[in-house]
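Colleague: Chain by chain, the residues run as shown.
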Amino acid sequence: MATVRIPSPLRKYTGGQAKITVPGATVGEVVQNLVQTYPGMQSRLQDDAGEIKRFINIFVNENEIRSLQGADSPVAETDEISIVPAMAGGK
Amino acid sequence: MTYVSVQRLLAEAKKEINEISVHQLKDALTRVEDLVLIDIRELDEWEQGSLDEAFFLPRGNLEFGIENIVMERDTPIALMCAGGVRSIFAAKSLQDMGYTNVASVAGGFNGWKNAGYPFSVPRSLTAEQRSRYARHTIMPEVGEAGQLKLLDAKVLLIGAGGLGSPAAIYLAAAGVGTIGLVDFDVVDTSNLQRQIIHRLDAVGKPKVQSAADTIARLNPDVRVVGHQTQITSENAFDLIEQYDIVLNGSDNFPTRYLVNDACVLLGKPLVDASIFRFDGSVTVYDTAAGSPCYRCQYPDPPPPGDVPSCAEGGVLGVLPGIIGSLQAVEAIKLIVGIGTPLTGRVLQYDALEAEFREFRIHKNPDCPVCGEHPTVTQLIDYQEFCGIPHPNGNVPEPAL
Ligand SMILES: [Zn+2]
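Protein chains in written order, with my numbering: chain D, 1 to 91; chain G, 1 to 400.
In isolation and in its complexed conformation, chain D is listed as follows:
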């Protein structure tokens, strides 16, 4: 199963876990399984149509999924998926 890295603001929905293994053959499936296991994540990651929000980057290893095949990007057992929301903080 691929490993999903949870950014610190979202760890309250995963009981503080930073890395979770989640089943799924595509990024879309992994995200779906993730939000099913941790329902608090759903409104953080997906819009009402179930799409990944556009201010959240999802990377398979080092590549952003929009440069791959979006939610259909394939995910291998050894892949690492990172969720990186836009942050505004600077002060």
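Some hints could be false.
Incomplete in silico selection of chain D near chain G, CB under 10 Å [what the hints assert, rightly or not]:
id : residue
1  : P9
2  : R11
3  : T14
4  : R54
5  : N61
6  : E64
7  : R66
8  : E77
9  : V84
10 : K91
In case anyone wonders, no lab produced these hints; they're calculated from the structure.
Predicted, not measured: the structure shown is a model, and the values here were computed from it.
Built from N, CA and C at the ideal position, the CB exists for glycine as well.
Let chain D serve as the given structure and place chain G with the ligand on it in line with the hints.
Modeller: Only chain G with the ligand this time, still in chain D's reference frame:
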């Protein structure tokens, strides 16, 4: 023990090395593409004037420094001193090191000058600056030329807060000659946990004033320009236009989109960073050099309320110290022109896990500001823009 006179030594050396006249040098400089001319005179001589083409490497440092300038042993090298004597011994020494294509310029710089050939008085550091920046200039990647670039550079910092504090302090210490600071805030006690450019006695003072005071005590070479105002679509062009590089340390999305668009439209590199709680992120957007921009990475901002600010979510005080310092590093690299810039890549730091990770970001051909058919061609009122839910149905939600 036998004694050898300098005349004898010179005569011996002359037999082994190749000499060229100043006229041959003049010709070779235009004809021989990879010719490396080295001025081996002392600093006080070089300061009086030298050739623009010449590297400055005094005789005393020649053997130690030559490999930083010339790697290949068969590169053509011309050595110049004042009258053409020291350069004979220098050429002999380089030949002994295995350099096979070395020439001494007969007549030296004086001969060149007397022939009426062009030279200029090189700009150089003052004695004080030479001592202050010695740890920079000793590195061949920076050198005096790089330090002079830093002194000439103009960097604008958006925000004199968490990220702006360490960035401003390190850029000032590095001798960046002009540092602009945009911040309308005053120093508050709650800032002192991370905004290290401000001190307790500055509480209540404008941040730009407090930061200027700290920098003045650190380095008199730096001119600080305080812009005690909020950056808006009205003033963004005027502000950014005056600078070479922008560092983003703002604390809200409208400003981030505004600064991105202004930098894209003006062709200025933007060293962007953000922090939240225990996470930090830094990247360089330089669309004039073909890199993606902030909108390529994040096409839409989150609706207001969807993402909390540091004031609501908190931030580890030292985190901006790490990320703001990385911004200063990237700015210095861009100014001096060394290394590989952090463009098309995002460096992400997770303090809790003690991990740095690097992600690739790509230019979006449909990007509204830097794409093939841009629709954003002037600055728009981002406060409103950020308040409009995306057509696909994003609605403001409570904080994370
Ligand atoms: Zn773009």
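Colleague: Each hint: holds or not?
Modeller: A quick look at each hint next to the structure:
With its C-beta approaching chain G no nearer than about 4 Å, D/P9 sits inside the 10 Å limit, and its interface hint holds. With 10 Å as the threshold, the beta carbon of D/R11 comes within range of chain G, its nearest partner Cβ sitting at about 9 Å, so the hint holds. Because the closest C-beta pair between D/T14 and chain G is about 13 Å apart, greater than 10 Å, the hint is violated. Below 10 Å, beta-carbon pairs count as interface contacts, and D/R54 has one with chain G at about 4 Å; its hint therefore holds.
Hint status for D/N61: holds, given a least beta-carbon distance of 9 Å to chain G, under 10 Å. Proximity of D/E64 to chain G holds as hinted, the smallest CB-CB distance being about 6 Å (cut-off 10 Å). Because the beta carbon of D/R66 sits about 7 Å from the nearest beta carbon in chain G, less than 10 Å, this interface hint is met. For D/E77, the interface hint is violated, since its Cβ never comes within 10 Å of a Cβ in chain G; the closest pair sits about 20 Å apart.
The interface hint given for D/V84 is met, as the beta carbon of that residue sits about 7 Å from the closest beta carbon of chain G, less than 10 Å. The interface hint given for D/K91 is met, as the beta carbon of that residue sits about 3 Å from the closest beta carbon of chain G, less than 10 Å.
Comparing the model with each numbered hint stated earlier shows that hints 3 and 8 do not hold.
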